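Got chain A sorted already, so can you dock chain B onto it with the hints?
Just so you know, the sequences run in chain order A and B. Note that my numbering gives residue 40 to position 40 of the first sequence, counting from 1, and the numbers run on in steps of one. Note that my numbering gives residue 1198 to position 198 of the second sequence, counting from 1, and the numbers run on in steps of one.
None of these hints come from the bench; they were simulated from the model. Predicted, not measured: the structure shown is a model, and the values here were computed from it. Hints are not guaranteed to be accurate.
With a Cα cut of at most 30 Å, we get these calculated BS3-like pairs of lysine-lysine [to be verified]:
(1) Lys1160/B <-> Lys296/A
(2) Lys1222/B <-> Lys1207/B
(3) Lys166/A <-> Lys1067/B
(4) Lys1126/B <-> Lys45/A
(5) Lys1059/B <-> Lys166/A
(6) Lys45/A <-> Lys1128/B
(7) Lys1162/B <-> Lys296/A
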Amino acid sequence: MKNVLSFQVKVEKGDFDKLPEDYYKDLDKDTDEVGFWKASWQRLKANRIAMVSLGIIIALIIFAAIGPVLCPYSYDQQIRGAENLWPCLAHPFGTDRLGRDLMVRCMIGARISLTVGIVSALIVMIIGSVYGAISGLAGGRTDTVMMRIVDMVYSVPEILLIVVIKLVIDQPLQDLVENVAFFHPLQKLGSGLIAIFIVYGCLYWVGMARIVRGQVLQLRQMEYVTAANALGAGSRWLIRQHLLPNCMGQIIATMMLQIPSAIFTEAFLSFLGIGVSAPMASLGSLTSEALSGINKAPYRMLFPAVLISLIILAFNLFGDGLRDALDPKMKKR
Amino acid sequence: MSVRAGRIIKRILLAALSLFAIITVTFFLMDLLPGDPFMSEKATEETRAILIRKYGLDKPVIVQYGKYLWNLLHGDMGTSYVLQKGRDIRTIMTESFAVSASLGVRALIYSILIGVPLGCVAGLFKGKGPDGLVRVVSAVGISIPGYVVAAVLMLVFSVKLKALPVSYGRPGGSVMPIIVLAMYPTCYLMRLTRASILEVLGQDYLKTERAKGMSELIVIFKHALKNSLIPVITYLGPLTASILTGGFVAESVFNVPGLGRYFVNAISARDYTLIMGVTVFYATLIITMNLVCDILYQIVDPRITLD
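With the rest of the complex left out, here is chain B:
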């Protein structure tokens, strides 16, 4: 077995271990949460006790945990206790994640399409007009919290100009949530690409190319750009995470029926199984993305070790 294959297997094992740790920690934390899901109901002590027994909440935690893990292995995440009583968590999540994903993927594509080229331009024109502009925009962009972006957009486009609808579902309703989601990643990608381009431009092999008489265009497009985009790959994992968590704010503000809003609602309603479901699902997604990026990065640039 080659050294690299060994490293990749180690990395996969680590990811699996992390995921297991997250599931375990979340489960036991959930158990510590004050109150139970049936608190708010106008139920007598008796019916509450029945409900608690029905969902197995009276058994010892360790038994509940074992049962949850066993079911999870079979793809069963249980049913919602509170928000959509009795419905399968998987159905709820599939429905709402489709909404989140359609917004998220679009935000992801826009942020790459806008952030990377602008970062390239800034790096290539270091110290000149475009560079200054990109640096100011990106510095401001990463400093504004998503909810502020959401509130300002709402104020300007729906309240003052009345150009876009406040809530999701009507034509044009997805424009503002996508801007909110894409804002931070776009600005971060600009900075990252710019820094990466500047680093590559100083490398010796570009001097060699020029000394060999290559035209500047070939040097930049064939050699510099290609190599400077490699570090951008590593950001794709955190980028996914940032868009998913950005969804909590964007979906709550604009009333998008996505998974992020469900998570926020599930927390205040103490819907244990739904919180668990979303956490496990998001954690799996993010950890897998990170894993894929790391492995991809290593294949593209063999100098990198996964440690």
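With the rest of the complex left out, here is chain A:
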């Protein structure tokens, strides 16, 4: 008697026909398979807010990078007889008490904001991801100790320490940059900016380190990593081929959201008078200078204030869009 539960089926010749040659080709077309980066880019392109923000960011970069070159004045040039001018054709943003053109100063300020944002984000990315990756890969006691350190730095109210660290390293840095030949190229950057970078390197990497460690721990348990390991892949191969590319999305998303926060902090410090030093202009210090003359010359405050808000807004919105595009699972809307 035939067993009803049996899966055995009698196969006869002619039950299976050979499929036409181009059958699989059509199948491939239907699945619409694209790589990770291409898929992310497509998702990003579909997000109108993110694309508009990207456009604004590019426009701001052009404004800050090329603008000062095209302007006939320099940021610290005091034009005689042009003091306290309201916005006009020659000076679209007006001039300040000393007759300096505000548009050039805003351009330089935007340049500083963008530099601070991007360089700080890179510093945070490098320190944070290396630290997180080491911690996650090492595991065991090393991991525990490294993560306790992260917890500690994380709970520090950073703005207090930033103020103190900034004050402490400002003077020694200035001496270093001026007197040691090796650091001369940094002179242009100014010790104030370098101090801000160092502060960022000290305090802000912990968020990134946590995220990268979490990713590494999660990825290490994935079957394909075990499979690659079983097939004889060394740890270097695993890191390069499997861990790094899969972490990249989160790393970039976190890094992009770090940019506006860094810009925010620089503007805050400059506003309190402990950021970049005069005659250098920052959007924060320009606003704080304008505050005293707010009665007679409100335009002086208007442009730097609008500019800094626009920069932070554009980076925030673009960062949100990028995070959603790189990791649709993380999407919370």
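Just chain B, lined up with the frame of chain A:
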């Protein structure tokens, strides 16, 4: 001892360790600061030396550090060197913190009262008019630095409309500082609440409730809202920190005699003991708030581990 109690004790130890680290780091950084507090005085070398000896600044750093810690344990933070010469730091801080706290607490309450309900509304009406409005407002709100808010408010309400006084102390003088302090937290809370509501609305237990025939109102008010407010608790720690540091700007701009303005002034005057005092005090406050929030969060939602 239960696992949870163990975790909480570990968390408290970590907080204590962080606080100790902050005190230590700040103290040694302070020592590295260029110049000394008596630089600006029109004093001869001789009197300066006397002053330095009087305050024990000539002793080795490690001795000064030990002495500072010992005094701190007894609640003694020393006296101000520069800004209010000879006055006890504790008296200065109590006086000025009362001002900061009265503004800060009001800002905190307003931001919760405005931010959370608006976030709820946005989450419940996802994709519709109110949601769009809340999203735009909150995105713009978190992008505008506090000092810009302060400057714009000043321009509009005191310079143009002449409706509010520029400086603190006159009637209505606390309105603008409170708006400046509450702006960022309010907008952040809107986003947080909205995201949290959306996450809870997708959970299976709400489907179960509906399947059981509960009315939509009960589902939302009794089950969804309650659970979506839990993550908001964790933000209360950072919220306090944000309001305290926001005070640096708001108090400087509007001339509020609070602790934030003192901190900013103390920095430029190199008033070591005052800087130390404010740092230790603020750090303690923020770390304690974070600690309380974490523990509270764990008690309310036992699924969360403190790691």
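Evaluation of the provided hints:
no. : hint                    : in the structure
1   : Lys1160/B <-> Lys296/A  : holds (11 Å)
2   : Lys1222/B <-> Lys1207/B : holds (14 Å)
3   : Lys166/A <-> Lys1067/B  : holds (26 Å)
4   : Lys1126/B <-> Lys45/A   : holds (22 Å)
5   : Lys1059/B <-> Lys166/A  : holds (25 Å)
6   : Lys45/A <-> Lys1128/B   : holds (23 Å)
7   : Lys1162/B <-> Lys296/A  : holds (14 Å)
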